[in-house]
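For the record, the sequence lines run as chains Z and C.
Residues 1 to 267 (the working numbering) are what the first sequence spells out, left to right.
Residues 1 to 258 (the working numbering) are what the second sequence spells out, left to right.
Mixed in with the good hints, there may be bad ones.
[To be verified] Ranges of calculated distance between the beta carbons of each label pair, as one might list FRET restraints:
hint : chain 1 : residue 1 : chain 2 : residue 2 : range
1    : C       : S99       : Z       : I108      : 39 to 47 Å
2    : Z       : R150      : C       : E135      : 28 to 36 Å
3    : C       : R73       : Z       : R256      : 47 to 55 Å
4    : C       : L68       : Z       : P112      : 53 to 61 Å
5    : Z       : T104      : C       : T177      : 50 to 58 Å
6    : C       : L128      : Z       : L95       : 40 to 48 Å
[Stated by the list, open to error] Some chain C residues close to chain Z (C-beta under 8 Å, calculated; not the full set):
hint : residue
7    : K94
8    : M96
9    : L188
10   : I229
Worth flagging that the hints you see were computed from the coordinates, not collected in a lab.
The beta-carbon is built from N, C-alpha and C at its ideal position, and this holds for glycine as well.
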Amino acid sequence: MNGKLPSITSKLPAAAALALICLVWFLVCETGAVPAYMLPSPVDVARAMVNDFPTIMDHSRVTLQEAFYGLCIGVGLAFITATVMDRFLLLDRALYPLMIITQTIPTIAIAPLLVLWMGFGMAPKITLVVITTFFPITVGLLDGYRNVDRDAIDLMRAMGAGRMQIFTHVKFPSALPNFFSGLRISASYAVVGAVISEWLGGFEGLGVYMTRVKKAYAFDKMFAVIIFIVIISLLLMAFVNLLSRVAMPWVQVEKRQDLASAGETGK
Amino acid sequence: MADDPQERRQAMDKEILLQADHITKKYSGKTIIRDINIELGKGELVSLLGMSGSGKTTLFHVLSGLTLPEEGRVLLRGEDVTGNPGRVSYMLQKDMLFSHKKIIDNVSLPLVIRGMGRKEARAQADPLFEDFGLEGTQYLYPCQLSGGMRQRAALLRTYLSSQGVALLDEPFSALDTITKSLIHKWYLDVMERIDLSTLFITHDIDEAILLSDRIYILNGKPGQIRDQIIIKEKKPRDENFSLSDQFLAYKREIIGKL
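Extracted from the complex, chain Z is given alone in its bound form (with noise of 0.2 Å):
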């Protein structure tokens, strides 16, 4: 009970914030201080995401679709290549600088070039959604690896164990926290990159539905694509919180504790 009093406080000022722009947005509005067909009211927008709720759940499911497929082999090729690279001081160098240079480049100039090769179907939405959520879960458990303490790697082999055996119990765990901090930030870019790449041509998806509303000059209906995306990619942090929570119970162990002696010392 008292554990969820402060997490409440805390979150007040940026729900009041909130408020206040929704607030500021309608009153734009309704005084005609801009025009509506420049920026629909609070009210329209709403009134927009009822009426088209089914049509913009039948596009976000294949949106979410190609999000989860992207970030899924995202996934998982990182946690190949960072394992690989730090096993291999040699590659580490090699492609470490190369990783760099490819984020970079803007996905919205990649998306083009992928669709000429890959044609209007999911192939090159997945793709552009892996290159983007790769890198951060790649250079998350990197650092995670590389953040290992000398000693504790000493202490497992004075105890006998192997390269393998110290991957497991120590090196991957101790990397778990920065993997998710990786994680978090690529599934609210997979839906992003997905959304981009269907901008560029496709059959369905959050972002076909997307342009075609805008061509109708529909910018109600386009903000309420805009907010729905937002929810999405809140809610799929939000899951992500949620899996890291059940993956390291030990934080949740450390974060009580601290506020324990926090509260012990009167601070």
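Take the given structure of chain Z and dock chain C to it, following the hints.
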């Protein structure tokens, strides 16, 4: 049990568990320790006392098999185990309990590494928790334990990975004075019961005199064994001993040799 230290020594001479035989170790061409000869007998607690940088930890790395010496051998019960980790148990300065493992899994890790199943390893470790004063902590995480308890858990893990011999690198240096003196008593008691022979690195001269059967003085650059001091008083030694003239005489002798 031979209470007279001379008898202890003689008994030890018969059964040497761990032996460093003419060990020399270099790092990037620089000799860190030279021609080290030390022995650890069954049931003994032997301290290795020396200034920082005298190569104590390097010697432990060699003894535990983590690094190969340029010269010399490490013998465990007469068997050559040089450069062969997993034979001589080693507890590092920090407790090194893994934050992601519950205490029981931390402690039974050496058994799992040797190929035992997790359930079986837990079952084997569990009865020892009481002996080590850790009853009830089995399913807690390391962050939930006090410094002294963490150290005891690390000692239990060291014991489970040991084959009667443990190397402890300043295991109590991070503890406060009161916890330290409590853990000293406890350690001598538990060592006796579980039959663990210990080679012990310390900076703390008082600690060395209070706990050890013998003290090796490691000194110089490169580090060499300068001397060996036998502490004759009966163990366990209480606080009064640390205020006695005898204690001060040992201390003077050691400081003179450092």
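Hint check:
Against the hinted window of 39 to 47 Å, the Cβ-Cβ separation of S99/C and I108/Z comes to about 42 Å, which satisfies the hint. Distance hint check for R150/Z and E135/C: the Cβ-Cβ separation is about 33 Å, which falls inside the suggested range of 28 to 36 Å. With their beta carbons about 50 Å apart, R73/C and R256/Z fall inside the hinted range of 47 to 55 Å. For L68/C and P112/Z, the Cβ-Cβ distance of about 58 Å falls inside the hinted range of 53 to 61 Å, so the restraint holds.
Distance hint for T104/Z and T177/C: a CB-CB separation of about 56 Å, consistent with the stated range 50 to 58 Å. Remark: the range hint 40 to 48 Å for L128/C to L95/Z is upheld by a beta-carbon distance near 46 Å. Interface hint status for K94/C: upheld, as the beta-carbon distance to the closest one in chain Z is roughly 6 Å, under 8 Å. A hinted interface residue such as M96/C counts as satisfied when its beta carbon comes closer than 8 Å to some beta carbon of chain Z; here the least separation is about 5 Å, so the hint holds.
Hint status for L188/C relative to chain Z: violated, with the closest Cβ pair at about 24 Å, above 8 Å. Interface restraint check for I229/C: the shortest CB-CB distance to chain Z comes to about 28 Å, outside 8 Å, so the restraint is violated.
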